[in-house]
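Novice: Sequence:
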Amino acid sequence: MAAIDPNHDPLLSLAADSIDPPDPTSTTHYSLSRAINARRPEYTRPHKIRIKIGTWNVAGCPGTDKDLASWFVEEDDQESKLDRGLANLNLSEDSIETVGKGSDAAQDGDATQDNNASPDSSAVQDFDAPHQASVESSQAETLSDVQTEAEVVDDEEPIRVMGGDKIGLYVLGLQEIVDLNLVRQSFYSDPSAVAKWQEALEIALPRGYTLVVSQQLVGLLLLIYASPEVAATISNESTIPMGTGLLGYMGNKGAVISRLLLGETTRLVFSNCHLASGHDQTSLDRRCWDYNKIMTQTAFSPLSHSGVLEDEGDKMGDEDFTFFFGDLNFRLDGLPGNDIRHLLTLHARGEYDISNINSPQHLGEDSVFVLHDTEDETSDGTSTPGTLSRETSFDRNDSDESSEDLPDPDDFVPDPHDDPASLQATIDSLLPHDQLHLVMKNKKAFYEGWREGSITFLPTYKYDVGTVGLFDSSEKKRAPSWCDRILYRTRKDIEQHTKRQQDEADAKTKDEDMKKRGIEEAAEDESVLFDYDPATDSHHDTQISGDTAYDYDEYEDEVNTEEQVITQDGCIDTVSLDVYTSYQRITSSDHKPLAAIFTLTYDAVVPELKAKIHAEVARELDRVENEGRPGITIIVDGNESTPAGRSTNVDSNEGIDFGEVGFLREKSRSLTIANTGRVQAKLNFLENPSNGGGEDGEDGDARKPKWLEAKFIRSFDDGSEGKDDASDNEISLEPGETASALIRIEVTELTQLRALNEEPKQLEDVLVLRVVDGRDHFIPIRATWRPSCFGRSLEELIRIPKGGITELVKQRPKTGSIPYNLDVQTSSPAELFKLIEAIESLTERAIADENMVEDVDIPRESAGWPFDRHTWQTNGDVDYATLRGTIIEALENGEPILELLKADMPALKRLEIVSDSLLLFLESMPDGIVTAPLWARIEQSLPQIGNIKTQAEVEDVKTNVLDILSTAPYYNISFVFLMAMLARVGSDLLPLNKDEREAVGERKPGSLGKRSLSFRRNTDSAVDEGAIQRRLAWERRVAEVLSVVICRTAGPANTKERKAAEEKMRSVVEMFMRRDGA
1 MAAIDPNHDP LLSLAADSID PPDPTSTTHY SLSRAINARR PEYTRPHKIR IKIGTWNVAG
61 CPGTDKDLAS WFVEEDDQES KLDRGLANLN LSEDSIETVG KGSDAAQDGD ATQDNNASPD
121 SSAVQDFDAP HQASVESSQA ETLSDVQTEA EVVDDEEPIR VMGGDKIGLY VLGLQEIVDL
181 NLVRQSFYSD PSAVAKWQEA LEIALPRGYT LVVSQQLVGL LLLIYASPEV AATISNESTI
241 PMGTGLLGYM GNKGAVISRL LLGETTRLVF SNCHLASGHD QTSLDRRCWD YNKIMTQTAF
301 SPLSHSGVLE DEGDKMGDED FTFFFGDLNF RLDGLPGNDI RHLLTLHARG EYDISNINSP
361 QHLGEDSVFV LHDTEDETSD GTSTPGTLSR ETSFDRNDSD ESSEDLPDPD DFVPDPHDDP
421 ASLQATIDSL LPHDQLHLVM KNKKAFYEGW REGSITFLPT YKYDVGTVGL FDSSEKKRAP
481 SWCDRILYRT RKDIEQHTKR QQDEADAKTK DEDMKKRGIE EAAEDESVLF DYDPATDSHH
541 DTQISGDTAY DYDEYEDEVN TEEQVITQDG CIDTVSLDVY TSYQRITSSD HKPLAAIFTL
601 TYDAVVPELK AKIHAEVARE LDRVENEGRP GITIIVDGNE STPAGRSTNV DSNEGIDFGE
661 VGFLREKSRS LTIANTGRVQ AKLNFLENPS NGGGEDGEDG DARKPKWLEA KFIRSFDDGS
721 EGKDDASDNE ISLEPGETAS ALIRIEVTEL TQLRALNEEP KQLEDVLVLR VVDGRDHFIP
781 IRATWRPSCF GRSLEELIRI PKGGITELVK QRPKTGSIPY NLDVQTSSPA ELFKLIEAIE
841 SLTERAIADE NMVEDVDIPR ESAGWPFDRH TWQTNGDVDY ATLRGTIIEA LENGEPILEL
901 LKADMPALKR LEIVSDSLLL FLESMPDGIV TAPLWARIEQ SLPQIGNIKT QAEVEDVKTN
961 VLDILSTAPY YNISFVFLMA MLARVGSDLL PLNKDEREAV GERKPGSLGK RSLSFRRNTD
1021 SAVDEGAIQR RLAWERRVAE VLSVVICRTA GPANTKERKA AEEKMRSVVE MFMRRDGA
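Everything in the sequence shown is counted per full-length UniProt numbering, starting at 1 for the first residue and increasing by one.
Quick caveat, the hints were computed from the structure, so don't treat them as lab data. The structure presented is a predicted model; accordingly, all values stated were derived computationally and were not measured. From the three backbone atoms N, C-alpha and C, an ideal C-beta is built for every residue, glycine too. Keep in mind that the hints are not guaranteed to be accurate.
[Claimed, not checked] If you anchor each label on the Cβ, the simulated ranges turn out as follows:
no., residue 1, residue 2, range
1, Ala618, Glu237, 27 to 33 Å
2, Asp418, Ser277, 33 to 39 Å
3, Glu758, Glu955, 27 to 33 Å
4, Arg869, Lys315, 57 to 63 Å
5, Glu854, Pro926, 44 to 50 Å
6, Asp988, Tyr880, 46 to 52 Å
[As the list claims (entries may be wrong)] PhoX-like, lysine-lysine: derived pairs with alpha carbons at most 20 Å apart:
no., residue 1, residue 2
7, Lys499, Lys515
8, Lys293, Lys66
9, Lys667, Lys610
10, Lys508, Lys443
11, Lys761, Lys810
12, Lys66, Lys196
13, Lys499, Lys444
14, Lys315, Lys510
15, Lys477, Lys441
16, Lys516, Lys499
17, Lys441, Lys499
18, Lys443, Lys492
19, Lys443, Lys515
20, Lys667, Lys761
21, Lys441, Lys508
22, Lys711, Lys667
23, Lys706, Lys682
24, Lys443, Lys293
25, Lys48, Lys166
26, Lys706, Lys761
Just need the whole structure built from these sequences, with the hints factored in.
Specialist: Right, dumping it as structure tokens:
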């Protein structure tokens, strides 16, 4: 798209008077969005769209969907022409000439003459031909202008017509698409009904129209379709169903309201409603209540502008244009229903003017047919056809005269409002009794700026199904009424209504003040008596468009002209009502369809121009904001440098990719940061909310686990760097100075480990480097997660094939959770077996080293070693974490553990690292070895676990526990295997002789520190009480450590219950750790 020069933009010239062009040097304090908004005229262009709104209460009648195309979409067929003819008939009995065809004349083309027409009829057609041709020519020129308007390239800004002369937005509101008399359908929506109507409308619409809104509320259905060009400009759709029926919220009555944002500037709201029915005062009050609930309780979702949500959603009244339509159910008050029915029936039959009842009726091809039950006979006994002719002669007795002598027909067509015999005059006499006008006047509903087009059509309710002009002939004989309506209002209408309310409130306050002060004192107030200025205070000047809605005047002409509206975004839009009509020939429901066509001219955002302005503003703000501010350059591990003073990203194409990262395996990269500016630069890494912890450490638990860390590294005077000093989060650089930063990534949290195993994904984050008084710099960080055997359930682990989880990933590249339908490979996790085997082997090796090497001492006095982290001696070594990561990687690859640990490494260190790995492995298992359901059964079956006194009771408990675990064989095998390893390690590290084992066997679990009196007396015994106490202390501590990682509970509610459960788990583990009575 070619760039548009703002200097030659006519629209900018017009906007220059009201919007000053922004000064780039003064926009430093503006936000980017504000600066872009200040240049809105540069990227908005005027667009025009035609909107057709249709409403129809189909009364649950079958076959109504078949009639949809004929009245709502197909504008050029003969039937719709006749409908508009009937709706717009002048219908004075001395002239039934159709006037005001508007665009139909241009669209319909030349009328085809009836070859069988009488001479009188032919004469009438010839007589009307010049006038009709003139109208058609004028309308054709208008359409031609509209079609070519978008192509004009002249001194004026062209208006882009969305969809050409076609309808750009079809809005259809239907009521009673299901039978509301059925109780079930009054409360529940029927999706099949929606599909039926969507299919009917999509078949009728031209190809390419897109469904924008489809929302059902029991019997209500709102469908909005847009042409391809319009659909691309619609965003922020929000549709709300609002029930107001039974109990005040059921969906048998209510509304479906939809909000659309057109062209990123104009907010449109369409409300399809069905208000309470009934003719009495209670029903009228309920209709007003329904309306007020819809208006006050409708709340749309917040608008999104370029991905940024507004703080609050829109409510009714915040939009720019509102269209309120549907079966409002307002009736005619104060008139007998039979009189209304009789009066309108006479009009429908053409019998209203008795002076012309004997006149013959001429039926041309374009006649409008009005059906009724009986034929009326003229005074001479002849039968008069029950139709009205749209081509009726002005003088039915002068058929012999030549057409050249006939006068101009316009001289004989009276204004229907002034002709007492016309249908329009009858309509004008009925409308003052319309409940809608009355509630507007009394300010009970629809008085807040609502407007309606001129009503020139017969009432839309209630007809006998299958008839055109036959009103309700049932026992109820409901009076005809304009129940179906289409109202609209603009933001300007709302603002003027608000201003008028404020003026009335001010006037009332002033009147009350005058009464309080007294009439004599008030008379001395010149501002009250002499400040009236007819030029500014007249009612005519303060009257807004649509005042007729408050005080209906049957003689006032309503002219629909375009009105300028300033939208919420400051654009100037216009709207005009072009067509407002009913379709009388649709007979499949007791309601007649109603439609209105609006033309909306609005300023819409042109995305290409907005993107250009956005780029210009961003560049200019960058230049202004960075002049005189710190500038830095960042180098990543020797990569090409990126001048950060001119770019917000380091290596913006790729960032820093750490490659594959696994559990508890740290990776790091370094940055070199140079101050390339002219002033001092203070730098710090911002705490990223996605990494947990705020600036003050608040809400840290509620955030994501931390896996990314960045710190500066201090440089010493000799040029060396110390990583031990990498604790500072802020550093200052003078111009020309450099500093290093270390970026580390490591997954340590078990919750994140399990989440990544469930759904492998890319680890991504953005490191934010803050330059105080400068610009933030963003460094994208990426890493690929390596699936791990840690953090998986036992049911998953036993299905891992030989070669470990790495082999499984090769077989199933998108491995997340391991499905349980895979074949079981081992009866117990291979990883558990390898860890247990390594611990047993390293325990033997440590004992051998102690016996052979002088400096090796096993810390037997430290209860719980090597399984208690508090007793470890090597976990502070520099290579400890690396060696532990090596073991984890070996388990993931299915490799032996001992072969990876060098033989020259002390056995004590190797044993501690492997023990640490075992504890992590067990702790990371979501369901443990003894699952929560199994433990619940153990607690239920053995409530006396914590109070065992004899060895026999111990054996009974162990037997029962094994019986319960045997119901889950894989868990049972793993548990027995693990307990056997603990018992063996305890026996190897703290051996006891036969007498000591027997002494230990006589003591119940947890009897640490309680000595038998017999041993105290037997000083010659081979029992070493110190050895027994060390063994008991070791077993107790190991049981405390291992029980919480082996067993799982449902999670006790309080600390006391949790401690009691942990004590029971410790007792069970401690029982199984003793072999051969010890």
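Novice: Provide an ascending list of the numbers of those earlier hints which the structure does not satisfy.
Specialist: 3, 6, 7, 8, 9, 14, 15, 16, 19, 23
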